[in-house]
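Chains as they are written, first to last, in UniProt numbering: chain D, 1 to 334; chain E, 1 to 293; chain H, 1 to 284.
In short, the hints are calculated from the structure, not lab data.
For glycine and all other residues, C-beta sits at the position ideal for the given N, C-alpha and C.
Warning: the hint list may mix true and false statements.
As the list claims (entries may be wrong) - Here are some of the chain D residues that sit facing chain H, going by a computed Cβ distance under 10 Å:
{"id": "1", "residue": "73"}
{"id": "2", "residue": "82"}
{"id": "3", "residue": "103"}
{"id": "4", "residue": "107"}
To be verified - Below, in silico cross-link-like pairs of lysine-lysine (DSS-like), each with a Cα-Cα straight-line distance of 27 Å or less:
{"id": "5", "chain 1": "E", "residue 1": "8", "chain 2": "D", "residue 2": "104"}
{"id": "6", "chain 1": "H", "residue 1": "114", "chain 2": "E", "residue 2": "185"}
{"id": "7", "chain 1": "E", "residue 1": "3", "chain 2": "D", "residue 2": "15"}
Read off the chains here:
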Amino acid sequence: MATVSLENLKKSFGKTDVIHGVDIEIEDGEFIVIVGPSGCGKSTLLRMVAGLETVTSGEVRIGGTRVNEVEPMDRDIAMVFQNYALYPHMSVFDNMAYGLKIAKVPRAEIEARVQTAARMLQLEEYLKRRPRELSGGQRQRVAMGRAIVRKPAVFLFDEPLSNLDAKLRVQMRLEIKALQRELGVTSLYVTHDQVEAMTLADRMIVMHDGVADQVGAPLEVYANPQTAFVAGFIGSPPTNFLDAGRVGGGPAGAQVGIRPEHVRLGATGKLAATVAYAEALGAETLVHLRTEDGAAITVRQDAGEPIPAEGASLHLDWSPEHQMVFGADGRRAG
Amino acid sequence: MEKRVTFKGIWLPILLVFPQILITAVFFFYPAGQAIWQSLFIPDPFGLSMQFVGLGNFEFLLSDPYYRASFATTAVFSSLVTIVSMAVALYLAVLAERLIKGSGTYRTLLIWPYAVAPAVAGVLWLFMFNTRVGVVTWYLGLLGYDWNHVLNEGEAMGLVVVASAWGRISYNFLFFLAGLQAIPKSVIEAAAIDGARFWTRFRTIVFPLLSPTTFFLLVVNIIYAFFETFGVIHTITSGGPQQATTILVYKVYADGFVGQDLGSSAAQSVILLVVVSILTVVQFKFIERRVHY
Amino acid sequence: MAQHNGMVEKRGAGLWLTHLGLIIGVAFIFFPIWLAFVASTVEQQDIVRPPMPLLPGDQFFENYSRALTSGVNAPVARMLVNSGVMALGIALGKIVISLLSAFAIVYFRFPLRKVFFWLIFLTLMLPVEVRIVPTYEVAANFGMLNSYSGLIFPLIASATATFLFRQFFMTVPDELAEAARVDGARPMRFFLDILLPMSRTNIAALFVILFIYGWNQYLWPLLITTDPEMNTIVMGIKQMFPSGDDIADWPVIMATSILAMVPPIIVVIGMQRLFIRGLVESEK
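The following block holds chain D by itself, in its conformation from the complex:
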């Protein structure tokens, strides 16, 4: 078990800077999710922690020790890859045991550790099979098993669920969370899926263009986004953005963000809008409107509330404490 610290971590490929300096102190046993759109540098960040990518500047410390130049195998980490990276010619057992064999762990112990992991992951009956004889979910479990048997100080997950179908993804998400709680191993988990990030993370790092826009507990990030990007990226449907000048105040170029569940529809309000269409989802209804100057607004209503007719002219209203103001630079201004 170990802490992980990243200190002003930077990465450039040639002249292109892809990570602009990330700082975070990860506590022992914490589950950290790095989330962001593709190309934001989240995988590169993880790979630097793994030792698969060199560090341009800054420092990576695992358990307090600087590991910038340490080989992956000596960092006491284990990694689960997006495409699982299972060795196609080895049985499930051998896939899990490979790292231990290299580390010259005694046979009996390898056997015991693989059996334990297989039991945890319900893979016991598949140990003799080859990866290609397994389903996607089972391969995913083998990849997890390979990480678990090494008893590493840190787990690294690189979009481990993105190759699974939606239903399996939800199931595996729960399993990963339960497993991490049970083992108590510090984990870094990269994903582009903000739902995964919200549900798994103790704390999350929202990355954008090589910068960690915000680090914090999921609900804290949701409730109090520090940049317009974070406000827009976290939450579904995303935050509505309006020109600050139109809704009463704020510096030039500033935007006002309001989450869909915080907008009320009524006969009076701050802004007039026309209903474009409404999606009734059962438990809730999403009403899509268009303001006079063409901005699209989404409103989330409880199922009990009346569904407005298409084309109806309504007014939007919200309480001031839900209003998030972002400056022209995208930073939170109020």
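We have chain D already, so just place chains E and H on it with the hints.
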């Protein structure tokens, strides 16, 4: 194309390429360099010293009627071998492709001459057409035709061409069959619905779609006819009669080993080197294009 | 696939014509070999008084045992062993050095990497035929005449095999190398434990092609083996023909020809699937 993930280290990879590079240097580059060097000299009649003659060997070669004849012979021989072996292979592949059942059996029956060495193929054909004991010669004699490739230049050429093409049919057949099978059935069926009969379909649809395979085989077969048919020539005609079947590769051997004319043989090697280089470049240019195809 | 369009697929008479055409083709391919086989089972008298019979005779064991044990210049059994050693040596040698250099070129970045790559590529342009005399001299200087090493080493550099393995290694997912690194495998361990087992099919397919290449070599053994005991079978056949006007010992020569064909044919037919794959891929 480069791999994103690599291992660290400098000495290990150098150690790994070392055997290949060593062999290449000792048995490929050094001799090739020697050939180029020797091509600039003429040894004195006693083999004691070498006299520098610049491009003299080349000038001599290119004005030598025997060498020029050998060039012409090679051109005729390679074209004939290529055309005969490809035509027969295409014919068989088209037939085999039309079968739903049994094309696998025919494939098995047709591929194994690939395993027969050109030199052995030469002996087999020599046996059939042997002037004294050959079965075919005897039956031709019954028909009133006096076969004698030992004296008749045209017959000698015909025999080495057929023997060289014979062993090559299976190779071409495999590629043509694979090429034909890769043409989508729907295209041919659409043409059939449009009213095109077999021969029209073949001429207007199948053959154009097969052209990458055809062009590839053309280049590969020319290379084969140039360099790998030495065994056929050596076993059947030894280049004769009157050098009628002395292709370039055979002449390098004959002048260098039998005639011991090192300067000329080296110059011939250099000329061949240029020929192979051109063929290799053509082949690779084509393969590049085929990737985009 | 059973439901074919009747317009395209021939039926009835057309189908039989197709078979007929193919059978003629097969017969053309077969006939020289059949004749050689017949000749290897009859007596010399049956051959020298043409026409020779077209059906096998009863001298099969007689002729083959004569060829194998005494031959003309050297026992054919001996030549078969020489050919076997040469073919295996060339095939395995080419595979080993090509695997190693392809691994180095794909998985490492080191000085002169590009240069080495081009050097290997250029060997494509240097077949034995264009450098025979100087290569012979090199082999002679190393004392390699009439030796297995002389038969094998000058032929085992292989651009084709190196490119084939390079191409295959490029298709191996990067994550496998990374997973191996995380698992603690050093480069050679990754090569032996992961890459090599994954290349099995490619290695086998290439083996078929290279074995035949080695077995069928003619010019090189002709140059460097003057001792009949070191002749390979493919080049040895020609040496069995008498130089003057003497009549050749046809039954033994034809038995030897058949024996020269059998091992590569067994390899091709026995490994047909791999052979076709190897052929098509090595030409990509």
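Going through the hints against the structure:
no. : hint          : in the structure
1   : 73            : 3 Å, holds
2   : 82            : 7 Å, holds
3   : 103           : 6 Å, holds
4   : 107           : 17 Å, violated
5   : E/8 / D/104   : 23 Å, holds
6   : H/114 / E/185 : 43 Å, violated
7   : E/3 / D/15    : 20 Å, holds
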